[in-house]
Amino acid sequence: MQRLLVCLVCVFALSVLGWGSANSYALPITDLSIAQSFDNRDINLEYLIAPDSETFSAVAGAAYADAWQSNEKPTLNIGYQPAGAWVRFHLVNPSPDAVRRLLLIDWSFERVEARVLGHASGGWSEVVSTGSTVTPSERALKSPVLVLPLTLPPGAAEVYLRLQATQPMVLPIRLIDLAAFNLEERNENLRMGAFFGAMLVMMLYNASLFIFTRDRSYISYCWYLASAAFYVASEYGYGPYFLWSDWQWFAQRSNFLSVSLAFLAAGLFERQFLNLKGEGGWVLRLSNLVIAYWSVAALVSVVNPWAMGYLYIEHGGFITCVLALSIAFLVWLRGNASAGFFLVAWSGLVATTLCLTLAMAGLIPMSSYVRSAQLMGFVLEFLLLSIALADRINREKASRLRAQKALLVAQEQANALLEDRVASRTHQLEQANQELRRLSSTDPLTGVSNRRGFEERVSASIERGRAEGQCLAFLMLDIDHFKRINDQYGHGVGDECLAVLGATLATFSRRDNEFAARLGGEEFAVIFYGMSAASAEAIAEKIRVAVAQLELKLPAGSIRFSVSIGVAAWIPATGDSPLTYAKAADEALYRAKAQGRNQVCLALSEYA
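Mapping of the sequence shown onto the working numbering: residues 5 to 612, in sequence order.
If you're looking for bench data, these hints aren't it; they were derived computationally from the structure. You may find that some hints are simply not true.
Said to hold, decoys possible - Within a straight-line C-alpha distance of at most 27 Å, the following computed DSSO-like cross-link-like pairs (lysine-lysine) qualify:
{"#": "1", "residue 1": "Lys597", "residue 2": "Lys587"}
{"#": "2", "residue 1": "Lys557", "residue 2": "Lys487"}
{"#": "3", "residue 1": "Lys597", "residue 2": "Lys546"}
{"#": "4", "residue 1": "Lys546", "residue 2": "Lys557"}
{"#": "5", "residue 1": "Lys546", "residue 2": "Lys487"}
{"#": "6", "residue 1": "Lys401", "residue 2": "Lys281"}
To be verified - Quick list of the computed label-pair ranges, beta carbon to beta carbon:
{"#": "7", "residue 1": "Ala427", "residue 2": "Arg338", "range": "21 to 27 Å"}
{"#": "8", "residue 1": "Arg470", "residue 2": "Gln415", "range": "53 to 59 Å"}
{"#": "9", "residue 1": "Gly313", "residue 2": "Ala69", "range": "27 to 33 Å"}
{"#": "10", "residue 1": "Gly313", "residue 2": "Thr217", "range": "38 to 44 Å"}
{"#": "11", "residue 1": "Ser57", "residue 2": "Asp181", "range": "29 to 35 Å"}
{"#": "12", "residue 1": "Thr578", "residue 2": "Lys77", "range": "36 to 42 Å"}
{"#": "13", "residue 1": "Leu412", "residue 2": "Ala471", "range": "51 to 57 Å"}
{"#": "14", "residue 1": "Ser57", "residue 2": "Gly197", "range": "35 to 41 Å"}
{"#": "15", "residue 1": "Ala183", "residue 2": "Gly284", "range": "55 to 61 Å"}
{"#": "16", "residue 1": "Ala230", "residue 2": "Gln474", "range": "44 to 50 Å"}
{"#": "17", "residue 1": "Leu337", "residue 2": "Leu293", "range": "20 to 26 Å"}
{"#": "18", "residue 1": "Glu142", "residue 2": "Ala471", "range": "34 to 40 Å"}
{"#": "19", "residue 1": "Gly197", "residue 2": "Ser581", "range": "27 to 33 Å"}
Where a beta carbon is used, it is the ideal one built from N, C-alpha and C, also for glycine.
Construct the entire structure; sequences and hints are all you get.
Structure below.
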């Protein structure tokens, strides 16, 4: 069973890695008048190892002209530069007007300042700044995400960045518009909220277990949880922004300190959870060596964080992960069941951390997906470790519960029966609710959607068409001289006309991206997603012909009726709504009526 769990976690980790790599790929973009965003692989980053005390004008001048170096890796990694560093890149804005973009940095820096140098004007823009040591009120854009607003003048320009960081300078950047940033920030806030919420729940749960069991493993585990939360808060910018933005001394040390404490807590938890003192030998010595290394790292990060480069903690983190897995695997082979859970729990985290380490080294592109994958690894790890702790308690108590085995079996059977009944009732209720929702959005006479169901689906189709750049065809139609039919033959016959018309429209809208609806009276609408105006006009003509061929049998003979159809079709743009399409199709319908009825009219081009 544990081998199966190991395989499943490995597959999960590889899936996360593939998902992050696939989603981080983007085609090169150079024309800002067309594109809304591009990442650091679309531009040629150049870096300069020079003190951050220099001015922007100085580093852009002739004195440093030959000192700039070009980046050849997917992600720029300058390494440890306690004195600071500079980065620049060239952009071309073909628009005659200035373009405003946001420079998003997917890494943690103490301070980043940016200025834009316009080639045409030769002038500099104002300095904008962000970073973990920059208070929210001083940031160019108030956000826990590191982002800098840039105004790009027409023509060629250069963007210069002044970097300050105690940790390795990794610079994954993306240039996006405000709408894309709002979406990015919302998603990041949701991810971080979910992560910290999950960590808090697990911390409170295990703290309560310690109160009842007095098992010190739970306190060690809670410290491990708190250290991991501190690491994520520091590395992702939420701690410096919300908690210690005014504490500059701590802000300069929080990144290294959080990494060191997280690994230190992990080492202590592994030693206690796997009872490595009982194992003894070189396994215990390796564990103590790891704990000593991270204790020194935590001390150095507090005393002198600029000296952390001598400890190479990015390599130390990788070695620690390998050693932790090796120790757990060996102890598991010796028969320690808890080691199997630990091995499974750490596999996903190690895979995502390895991905992050490779991105730091510049071997693969750094992106928000790579960093988010590590969050998923943390959550999976702590969830499985919680299960492992609970499993150990259960195994320790198994000998004392044998006398109550019969009662427990009976209780489990009763619970299973109750769960089956609840599941059955829940399934019945879900089916009833689904049928109720279907009935509430279906016109009972014609069998097609009613206005309520139509409005829900057409809004979704417009949003989808706007996002995917697909054309949306909106057909508005009603029965010609319907009042005359009702007056001459009675409302019963009129209802039959509506019913057969609904059935006819249903045959033309059977696919998932097509649907028909009765809007009221004799008025109907049909939506075709991904259909051009010409195709929509052609299918509207087919509908008109099909209706004209319908013959309704009556006791005194038979009647035929016709429909007029208005067609509106174009790719939804910003501001388009169901009302926009309905108005255009309705005007086309009235033109069809005015031109003699029983015909199809296309909406005027001004709507497209």
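Each hint, compared with the structure:
no.: 1; hint: Lys597 - Lys587; result: holds (15 Å)
no.: 2; hint: Lys557 - Lys487; result: holds (19 Å)
no.: 3; hint: Lys597 - Lys546; result: holds (18 Å)
no.: 4; hint: Lys546 - Lys557; result: holds (22 Å)
no.: 5; hint: Lys546 - Lys487; result: holds (24 Å)
no.: 6; hint: Lys401 - Lys281; result: holds (22 Å)
no.: 7; hint: Ala427 - Arg338: 21 to 27 Å; result: violated (41 Å)
no.: 8; hint: Arg470 - Gln415: 53 to 59 Å; result: holds (55 Å)
no.: 9; hint: Gly313 - Ala69: 27 to 33 Å; result: holds (28 Å)
no.: 10; hint: Gly313 - Thr217: 38 to 44 Å; result: holds (43 Å)
no.: 11; hint: Ser57 - Asp181: 29 to 35 Å; result: holds (34 Å)
no.: 12; hint: Thr578 - Lys77: 36 to 42 Å; result: holds (38 Å)
no.: 13; hint: Leu412 - Ala471: 51 to 57 Å; result: holds (54 Å)
no.: 14; hint: Ser57 - Gly197: 35 to 41 Å; result: holds (39 Å)
no.: 15; hint: Ala183 - Gly284: 55 to 61 Å; result: holds (60 Å)
no.: 16; hint: Ala230 - Gln474: 44 to 50 Å; result: holds (48 Å)
no.: 17; hint: Leu337 - Leu293: 20 to 26 Å; result: holds (21 Å)
no.: 18; hint: Glu142 - Ala471: 34 to 40 Å; result: holds (36 Å)
no.: 19; hint: Gly197 - Ser581: 27 to 33 Å; result: holds (31 Å)
Of the numbered hints listed earlier, the single one contradicted by the structure is hint 7.
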